[in-house]
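> Single-letter residue listing:
There are 2 protein chains.
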Amino acid sequence: MTKKSANNASLHDTISVDALSTQPFPASQKVYAAGQRHDLQVGMRRVELSPTRTASGALEDNEPVLVYDTSGPYTDPNINVDVRTGLAPLRQSWIEQRDDTEELAGFSSNYAQTRDRNIALEALKFQHKRRPRKAKAGANVSQLHYARQGIVTPEMEYVAIRENLGLEQEQLARYARTQHPGQSFGASIPAFVTPEFVRDEIARGRAVIPNNINHPESEPMIIGRNFRTKVNANIGNSAVTSSIEEEVEKMVWATRWGADTVMDLSTGDNIHETREWIIRNSPVPIGTVPLYQALEKCGGIAEDLTWELYRDTLIEQAEQGVDYFTIHAGVRLHFIPMTAKRVTGIVSRGGSIMAKWCLAHHQESFLYTHFEEICEIMKAYDICFSLGDGLRPGSVADANDEAQMAELRTLGELTKIAWQHDVQTFIEGPGHVPMHLIKENMDEQLKHCHEAPFYTLGPLTTDISPGYDHITSGIGAAMMGWYGCAMLCYVTPKEHLGLPNKDDVKEGLITYKIAAHAADLAKGIPGAQWHDDAVSKARFEFRWEDQFNLALDPDTARAYHDETLPKEGHKQAHFCSMCGPKFCSMKISQEVRDAAAASEAEQGMQTMAEEFRQHGSELYQPAESTES
Amino acid sequence: MTKKSANNASLHDTISVDALSTQPFPASQKVYAAGQRHDLQVGMRRVELSPTRTASGALEDNEPVLVYDTSGPYTDPNINVDVRTGLAPLRQSWIEQRDDTEELAGFSSNYAQTRDRNIALEALKFQHKRRPRKAKAGANVSQLHYARQGIVTPEMEYVAIRENLGLEQEQLARYARTQHPGQSFGASIPAFVTPEFVRDEIARGRAVIPNNINHPESEPMIIGRNFRTKVNANIGNSAVTSSIEEEVEKMVWATRWGADTVMDLSTGDNIHETREWIIRNSPVPIGTVPLYQALEKCGGIAEDLTWELYRDTLIEQAEQGVDYFTIHAGVRLHFIPMTAKRVTGIVSRGGSIMAKWCLAHHQESFLYTHFEEICEIMKAYDICFSLGDGLRPGSVADANDEAQMAELRTLGELTKIAWQHDVQTFIEGPGHVPMHLIKENMDEQLKHCHEAPFYTLGPLTTDISPGYDHITSGIGAAMMGWYGCAMLCYVTPKEHLGLPNKDDVKEGLITYKIAAHAADLAKGIPGAQWHDDAVSKARFEFRWEDQFNLALDPDTARAYHDETLPKEGHKQAHFCSMCGPKFCSMKISQEVRDAAAASEAEQGMQTMAEEFRQHGSELYQPAESTES
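So the protein sequences, as listed, match chains A and B. When the count follows the working numbering, it moves up by one through the first sequence with no breaks and lands on 628 for the last residue. When the count follows the working numbering, it moves up by one through the second sequence with no breaks and lands on 628 for the last residue.
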């Protein structure tokens, strides 16, 4: 990249986000629920509904439905997001007011300094840099540290409001009353989330709020078994494909379709610059696997990795604002031979890299031996541990085996050490697991990891369907979420086959939002069924537009309907192309209900039958007229 | 339609099946396992694999994998299927040899006779008609009747071989040994399926073989909790869309992608002729809801339905060869008001039609009052009852409610009556059910329906994602299958929105094959994991072609891979575009394993580490060379 091209065609000049990613959702408004501070405004989406026409012809209003919203300012038409300058730092003042951090003159890591000085990279750089912050000497700036001191932070208040969809306790109770009581397997889901409850859950280690002080753009969210089930989307380039602009685009796209966090798993070129663009523009926490970049720095030779190189990478990423680090510190030397007889060996990239290093040096990994030093870094920026499952099973055959369980117990020991440092921690899980062995994963994790939040990839419930692994894993994810898993890492249709594109990201996310919501219904998250009931009522009343607008993916719902019945008039029709007008059970059922209701109010079943016979033919509209 | 067009452009002259539907699967052969009779040949698919290249460079053969195959003769290159003449009647001689049936001069039903005489329909008619058969006076020709007399029919032997994939007991045991023991919730899954076991399960009412004596083209298959989980695909036109040729095409397409049975739910024009084309060309059992056609016959006016009209429809369809009838005989008059307060009332088409009829006449439905006469018809042709759940919940809110459970108990009573007549019977189930309420459905069904097989639609685990209801329901279907459901009725992405096209049929089927297979793994069907292990081993050894060929959908797996790495050379590559060559955990893990294996055989861990360090760089191929 020459200086000329940097001036003339730098990314700063050309980058933009697809308009599709920033359109407001149909019939939706971005609304904000206010906290106690003027600068605490929790965004969510309100879907407006059309009225119901009753049997008598009167119109009855339908309340709008509130939806948890991860898309940040991108879907607020009142905010003009410019990806070249990044999002507004909504947490900046909260961080500053705590007065336990300081602004640095520049990046502390050697690598970041080198990249900064490299003018050949100018064209790729995000230009509106904020100076990095760090805890003052001796300070611990983690939410866990505050929580244990009894401090309720604005971040905690924010997530409490967010989990309640901004509703008052009585309102939420009203929506919760009509839903099925859940089965939560011993979780402690509250009827209403208070900031104090959030604080307490964090203090106990049962929940985390991933938000690096260097990512003040992020909207606080909570990961824990007693809150809504969250989903993560993986993006990132590889040596084979993808560009910075594509990855930023994928991140925005992912938050549109419900990603609660995004992991940037780039392993290709310009990882540092790619990450800067992503973080500055991300309304959700960003996770990484620092080992990937460290390996890039030593030319892909695992044996050449050193603690110093890795440490410098942690600091580099910490000062950019990464909110959680996947660290495979549980891959211990003596566990590695346990994988030798597996069908699929070690399938975690980080796990296999560390296994290779351990074998080559015949030593415990530097992630394990330097774990307390890593804790020191984490607490100076408030980064969460996502303790990686380097030995997770990569096939149904290897599920729940000795290697996996041995590592899980080590992750539990490391959790205790992290907690001694007041570092927020969650635990990664499998992988590939047949349905009947899923619950054991959750039970063992709760037992050995002291209720630290669990974050699993799927699991895939069979290996036989490459190309559809969002589905094989969506099944496992829904069950794992029900059993208590706090965050589900999505799998796209391209899993095992290639790098996901935007369509794959969306397909993976919708699948995982389904899994997470199904889990919330089964666990009994108060008010979770509100959304379902609104869709079903709209469906039953042939409010087609409302049904589309309430769908997780309104565009696809509408397109599928319009494939066979494209005319606008069909959006009023009391049938669809599946059954046609004469066979619509919903339509007949409404007639039955109207008749039954009329009867109940008046006489007995006998009279009702007669009435129905008289009115039946009027209620029925001939097919010709409804189709026109 | 004029006579001229019948001669010049009749369907007989123009119809054909898309070549895509009849191509053999890649690297696959249709193989046949022989039974004791020369004419008992059970078709299945054998997927040939390439050899494994070991660390020493030697080649090790990989055994071919056998796959249960529903596609019949269409994927046998040695058989030239002509849809104008229909499939060969493979069960014809078995039926004839039992000597308890007789050929009729023609159709007995008034409607079929009228259609037959109507020359205006010539152009639509299937022309190679076989004369219908019926039980001799007083005879009962159901498999249940034979089973209870201790007779093992060729059909029973066929399904035993089929369930075992044609393997001998020791071979199957070898594949079963390496798999996880299942959790079957009290099912009685045998290590090896014998014809006698099949007979016994049918005699107990725990399994059914749907095969009308007038559908001798169908390959016997079994539906029962102690056998492989089956899936059904719904096809059929509606008043709004679709043609006969399209529906035949969909049926063949559905069997290609794994439909164990197909339901023809046509509600549009020419239902009689459409059905004839479908049955004559279907290698799998065909189910219908006779009520739909009966309603068409009385112009869509539910109140005008009569027992006589319905009875004539049953006989019409029985003599065409429909293998099972969905009959909503459990919708009793006093259950209907229980649906009045539901969010979505009655969502079953059959259920809502009967509810309307019951209310209009203030009588129990003719399906209920004439149930024993229906049994008489069923046993004269060996048609199974699929006792319909007319009051199934159509929303999460309505799951497991009073109306649903009341109907279920009635279905249990009707099952007993059907069994008194030796009529094979299974029970339909929901619908929309949140995850934590699914098991109650299975438990209640087992309890009230005396272990008759359960056949459920999904259930959908949330209502919020129209356009993705194959996934919301695939989650519920997998769980329901695990809990003991014998057959899963697929849901396509178009559910609630429109009539599925071929792509939707395939997407729905692959999703449900995943669910059914995940259920089989969890239940512990012997040998089920063989397929998974073969895929995973191929994946781990970078045998890309084998991975594609073993996939439920080889075409999509290959296409997704080739999207980013299209060159033929990449099919040999030890990486994919997800991680690129340096980050492939599978590749690193193989190196780790080779090193560990070498070490184990030789010295200790210490020496191994040194060796690994020396050889490491050789094992690693530079990215440039592998990418070329």
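It cannot be assumed that every hint is accurate.
Claimed, not checked - Just some of the chain B residues that point at chain A, by a computed CB distance under 10 Å: (1) ILE336; (2) TRP482; (3) LEU497.
Claimed, not checked - No more than 35 Å apart at the CA atoms, straight line, and that leaves these computed lysine-lysine pairs for DSBU-like: (4) LYS439/A to LYS439/B; (5) LYS439/B to LYS447/A; (6) LYS567/A to LYS502/B.
Derived from the structure by calculation, the hints contain no laboratory data. Just so we're clear, the structure is a prediction, and the values are computed from it rather than from any experiment. The beta-carbon is built from N, C-alpha and C at its ideal position, and this holds for glycine as well.
> Now look at each hint and say whether the structure bears it out.
Status of each hint after checking the structure:
no. : hint                 : in the structure
1   : ILE336               : holds (7 Å)
2   : TRP482               : holds (5 Å)
3   : LEU497               : holds (4 Å)
4   : LYS439/A to LYS439/B : holds (15 Å)
5   : LYS439/B to LYS447/A : holds (26 Å)
6   : LYS567/A to LYS502/B : holds (23 Å)
Consistency with the previously given hints is maintained throughout, with no hint failing.
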